[in-house]
Amino acid sequence: MKTITVLGSGCVKCHQTQDLISAMLKDKGLDIDVVLDTNPASAMKYKVMRTPAVVIDEKVVHIGSVPSKDTISSWFD
Amino acid sequence: MFTIFTQLADWVTYQLLSIDSDTHLAEAVHFFIEDTTKIFALLAVMIYFIALLRASLNVERVRDYLEGKNKWFSYFLASIFGAITPFCSCSSIPVFLGFSLAGIPVGTTMAFLLTSPLINEVAVLLLFGLLGWKFTIIYIVLGMLVGIFGGWFLDKIHAERWLESFAADALKEAQDSKNKTGGDVQAVTTDTKMPFEERHEFAKAEMKDIVGRVWKWVFIGVGLGAALHGFVPDGWITAHLGEKQWWSVPVSVVLGIPLYSNATGIIPVMESLLINGLPIGTTLAFCMSTVAASFPEAILLKQVMQWKLLAILFSMLLTAFTLIGWIFNILM
Chain A
1 MKTITVLGSG
11 CVKCHQTQDL
21 ISAMLKDKGL
31 DIDVVLDTNP
41 ASAMKYKVMR
51 TPAVVIDEKV
61 VHIGSVPSKD
71 TISSWFD
Chain B
78 MFTIFTQLAD
88 WVTYQLLSID
98 SDTHLAEAVH
108 FFIEDTTKIF
118 ALLAVMIYFI
128 ALLRASLNVE
138 RVRDYLEGKN
148 KWFSYFLASI
158 FGAITPFCSC
168 SSIPVFLGFS
178 LAGIPVGTTM
188 AFLLTSPLIN
198 EVAVLLLFGL
208 LGWKFTIIYI
218 VLGMLVGIFG
228 GWFLDKIHAE
238 RWLESFAADA
248 LKEAQDSKNK
258 TGGDVQAVTT
268 DTKMPFEERH
278 EFAKAEMKDI
288 VGRVWKWVFI
298 GVGLGAALHG
308 FVPDGWITAH
318 LGEKQWWSVP
328 VSVVLGIPLY
338 SNATGIIPVM
348 ESLLINGLPI
358 GTTLAFCMST
368 VAASFPEAIL
378 LKQVMQWKLL
388 AILFSMLLTA
398 FTLIGWIFNI
408 LM
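Sequence lines, in order, name chains A and B.
Its first residue numbered 1, the first sequence is counted upward by one per residue in our numbering.
Its first residue numbered 78, the second sequence is counted upward by one per residue in our numbering.
Just chain A, with the same shape it has in the complex (with noise of 0.2 Å):
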């Protein structure tokens, strides 16, 4: 796993978002960066219509809501 990147317009959610997986990621004792990327082209690039989303290795795994703890928590099992 190389890249993790928030996309979002920089709204309190997205900013949930990126501190949650950057927590879950501590736990787990994982050095990767969360980038929060707010460029919309970003989100037009990955065809995201609804944030926060996320994306892990260029793969988009979650759309439209902050994440919950179970979900990130999967995305690193």
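Careful: at least some of the hints might be erroneous.
When the alpha-carbon atoms are kept at most 30 Å apart in a straight line, the in silico DSSO-like pairs for lysine-lysine are as follows [stated by the list, open to error]:
| id | chain 1 | residue 1 | chain 2 | residue 2 |
| --- | --- | --- | --- | --- |
| 1 | A | Lys-47 | B | Lys-148 |
| 2 | B | Lys-293 | A | Lys-45 |
| 3 | A | Lys-59 | B | Lys-233 |
| 4 | B | Lys-255 | A | Lys-47 |
| 5 | A | Lys-69 | B | Lys-285 |
| 6 | A | Lys-28 | A | Lys-13 |
| 7 | A | Lys-2 | A | Lys-13 |
| 8 | B | Lys-379 | B | Lys-255 |
Which residues of chain B face chain A? A partial, calculated answer using Cβ under 10 Å [what the hints assert, rightly or not]:
| id | residue |
| --- | --- |
| 9 | Ser-166 |
| 10 | Ser-168 |
| 11 | Ile-170 |
| 12 | Ser-177 |
| 13 | Leu-178 |
| 14 | Leu-377 |
| 15 | Val-381 |
| 16 | Trp-384 |
From chain A, some residues computed to sit far from chain B (all C-beta separations above 12 Å) [stated by the list, open to error]:
| id | residue |
| --- | --- |
| 17 | Gly-8 |
| 18 | Lys-13 |
| 19 | Cys-14 |
| 20 | Gln-18 |
| 21 | Leu-20 |
| 22 | Ala-23 |
| 23 | Lys-26 |
| 24 | Ile-32 |
| 25 | Met-49 |
| 26 | Arg-50 |
| 27 | Lys-69 |
| 28 | Ser-73 |
The set of hints was computed from the structure by calculation and includes no laboratory data.
Every value quoted in this text rests on a predicted model; they were computed, and no experiment measured them.
In this text, a Cβ means the ideal position worked out from N, Cα and C, and glycines have one as well.
Chain A is fixed; fit chain B onto it per the hints.
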């Protein structure tokens, strides 16, 4: 149906807190208790049921549905979808781009985006609970007309000329490729057909999420309404603004610009203004301006629109609200 909340407010204000029934404080407190309890009861129950119905409706499906629809019909459809689709306004830009990538014209997209903040299930529930079904229908029709007319107007002036280049390019490319191959751009979505348990989970989560987000607005909105109700001297509003002076409408529209509320918080304020004698047109103009002409929305839209288009859009909205205000003041 709602007398139980009046009775609860009576009990709390006059029995529990023993406030003198003739005082401004009593009026304010009574209004606050009655409205907040009524609102939360309505919200919790109705949001659950509405969310149950809406669980499988999302912007991706709306986009697929609107694609390629005849223009006249599409403004109307887009506006209805804007009213009923669960949609967070922070997704405005991804939605704008996603619709454009499907070749959906700017006007249709904007019909969706304009109606969305004005009409949502929470606002409608509140209107019904606080002001009755007649007023609710008027508000819904007006909200949709703003979206439909706004969309039509933007297409008429060829608003796509004034989009930021990456948005304009996306739209043009999509429309060109449609003409050539009838090609299709699928949005990424994680939804499929929805079984009941999933709907129930969604509805439960929506209810918690919406009440959790909205309770502050409700308290603030009702608080302001209560303060107005209890502390603005009786008849002040009627005396100074009740004559439907023509200038009071544009003034209230302009006042609504720097003020921002979502549709939920503004409705208790609307109720209070009406009770205190502000004419219906002036009230509508003020409240719609507060909700729909806002700096947060402008900042979001600036990402895809050039300044000129943003200015045109806002001028159009303000004109529409002023006209609505004047018309209703004359009619009612």
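Hint by hint, work out which the structure violates, then give me just those numbers in ascending order.
2, 3, 16, 17, 18, 19, 25 and 26
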